[in-house]
Amino acid sequence: MTHFCYTIVNEQGRTYVGYTVLPKRRLRQHNGVITGGARSTAGKGPWRFAFVLTSESFDSHKGLSCEWHLKRPNGRRSRCRPGVQGRIDLLSKVVCHHKFCTCAFRIYASIEHFEAIASACGNCANVTFFSVTISMHWLRLCSINAIYYIGSV
1 MTHFCYTIVN
11 EQGRTYVGYT
21 VLPKRRLRQH
31 NGVITGGARS
41 TAGKGPWRFA
51 FVLTSESFDS
61 HKGLSCEWHL
71 KRPNGRRSRC
81 RPGVQGRIDL
91 LSKVVCHHKF
101 CTCAFRIYAS
111 IEHFEAIASA
121 CGNCANVTFF
131 SVTISMHWLR
141 LCSINAIYYI
151 GSV
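Residue numbers (UniProt numbering): 1 to 153.
Please note: incorrect hints may appear among the correct ones.
Below, in silico cross-link-like pairs of lysine to aspartate or glutamate (EDC-like), each with a Cα-Cα straight-line distance of 16 angstroms or less [as the list claims (entries may be wrong)]: (1) Lys99 / Asp59; (2) Lys71 / Asp89; (3) Lys44 / Glu11.
Quick caveat, the hints were computed from the structure, so don't treat them as lab data.
The whole structure should be built from the sequences, with the hints applied where relevant.
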């Protein structure tokens, strides 16, 4: 089973970080199409993925730990740069964090956030960048209109 950490964003620029094993279903929950979305996202959609992070070495423990670090970069909730850019800044810290240095990350990013993510995570040895054509699998998996794929070594 593949485990995912994700950040979603709405039209007002609000973000939400979560963990799931079924990204397509989870996004439908956040958008109220099916029941079970987070209380903090209810009625604030439509939501779309800004980025989704996974790794072959993710199990539920590591995936939830990654989510925790994306929400609490200093070990506690802290004020960070608002919006998606703040989440991207945290993403670059998480993928370079010593706890995850053995993970070969795959990051699926929306076109609008691809450059910022590639720039922020470009110095991390465990993240490599691939072309957009590799993302067709992810398009089918998540029903996203257009994304770029940032893959692992």
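Handout entry: Given hint Asp59 paired with Lys99 - CA-CA distance at most 16 angstroms
Key = Distance of about 14 angstroms is within 16 angstroms: holds.
Practice task
Verify the proposed pairing of Lys71 with Asp89, using a straight-line Cα cut of 16 angstroms.
Solution key: Since the Cα atoms of Lys71 and Asp89 sit roughly 11 angstroms apart, the hinted pair holds (cutoff 16 angstroms).
Exercise for the section: Take the C-alpha atoms of Lys44 and Glu11, compute the straight-line distance between them, and say whether it is at most 16 angstroms. Expected result: 9 angstroms, holds
In this structure, none of the earlier numbered hints is contradicted; all agree with it.
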